[in-house]
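Asks: What follows is the residue order along each chain.
There are 2 protein chains.
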Amino acid sequence: MTAQQAVAHKATTYINGLNVQAAADTIAALKADKSLAMFQFRARNTWVNGGENRSTIREFYGAGQEDASRAKPFEFTNGEPPVLLGNNEGANPVEFLLHALAGCVTTTFVLHAMARGITIRGLSTELKGNIDLRGLLGLDDGVSPGYEQIDIQMHVTADCSDEELDDLLAYAQQHSPVCSTVCRPVPVVITRAES
Amino acid sequence: MTAQQAVAHKATTYINGLNVQAAADTIAALKADKSLAMFQFRARNTWVNGGENRSTIREFYGAGQEDASRAKPFEFTNGEPPVLLGNNEGANPVEFLLHALAGCVTTTFVLHAMARGITIRGLSTELKGNIDLRGLLGLDDGVSPGYEQIDIQMHVTADCSDEELDDLLAYAQQHSPVCSTVCRPVPVVITRAES
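From first to last, the protein sequence lines stand for chains A and B.
Per this note's numbering, numbering through the first sequence is continuous, rising by one, with the last residue being 195.
Per this note's numbering, numbering through the second sequence is continuous, rising by one, with the last residue being 390.
These are computed hints drawn from the structure, not numbers from a lab.
Hints may contain errors.
Only pairs whose alpha carbons sit at most 27 Å apart, straight line, appear in this in silico DSSO-like list of lysine-lysine [unchecked claim]:
(1) K229/B / K31/A
(2) K229/B / K34/A
(3) K229/B / K72/A
(4) K128/A / K267/B
(5) K323/B / K72/A
(6) K72/A / K226/B
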């Protein structure tokens, strides 16, 4: 193996499906210029009818520029089940929140496992969250409309000890952007555009 | 019109695509037995590779029973763009959170418009949220990993005054389950299952 081949080999080493060198380069770049760490994510949503509405998600800003990597937008439909006056046009918004949370905890876990040199063999989660619908309906001002608590059970196998897994899990929980958005109070500012 | 036809007509009156009588019946039932308002939503997620993972969402508990209305599960894929070490396998988790938030604010708005007898002609939203990636990466303990703030611009036309729209918007913001979950600190409890 020549030195050049060795460099090329190193450049394509993956742990947990993540490019180790690309991750190291990204972290070095963010350390050198923190403005590269500033990301803005966006979505557009249009009401269809009743509990049905659709989002398109495509562009975002990050690493110092507008992203242009997506050939077309992602599209997602919110709906409601019949018991909530809909026709199951899609999962409902509180279910999509669970999907977002599951994915973020998982990706954060896998990312920091890679950083620690831990290879994940399998990872799955089950999420449950309770909501008292009297909050949404405004029937009792003492009832919060949102989730009371969200429980995640994680099944994970990896080439490390249970103690290392528990430490990694606690770290992932603390550093997951969606988990942080749920656990902390995050301001939501809604402005009505003049029509 | 016979009395029976009148009743049938009333039973299928819709405002904003929502069945007015079904909504009134639901609210009456929840007032009579608050246990019917207790819902549990669920998701299962499996890691695929790198920043890619998939959720299935189907069953939930609510209105006193397990729901059986969905013939098959909804499936959603989280991914990451190349700048975040992925291949755009799907929108990413923080983007799905925006989709959930947009949908919930919209549905809550439309629902309470119906309750007030307001007909919505059109409703769309644009969402933006800023994240400092140094939080996710653990590069600065002073930086929160989650959204700093989420801004929603709502475009809405309806058969009411601007003052009524603003009042309805404030009410929807206060009563949206996803908005409440983001704005308040909601506990997330992660447990690692023994393998």
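Asks: All hints, please: hold or fail.
Replies: Quick rundown of the hints versus the structure:
1. K229/B / K31/A: Cα-Cα ~53 Å, so violated.
2. K229/B / K34/A: The given pair, whose Cα atoms are some 50 Å apart, is violated under the 27 Å limit.
3. K229/B / K72/A: Violated: K229/B and K72/A sit about 45 Å apart, past 27 Å.
4. K128/A / K267/B: holds, 19 Å
5. K323/B / K72/A: holds, 19 Å
6. K72/A / K226/B: Distance ~46 Å between K72/A and K226/B Cα, so the pair is violated.
The structure fails hints 1, 2, 3, 6 (numbered hints given earlier, in ascending order).
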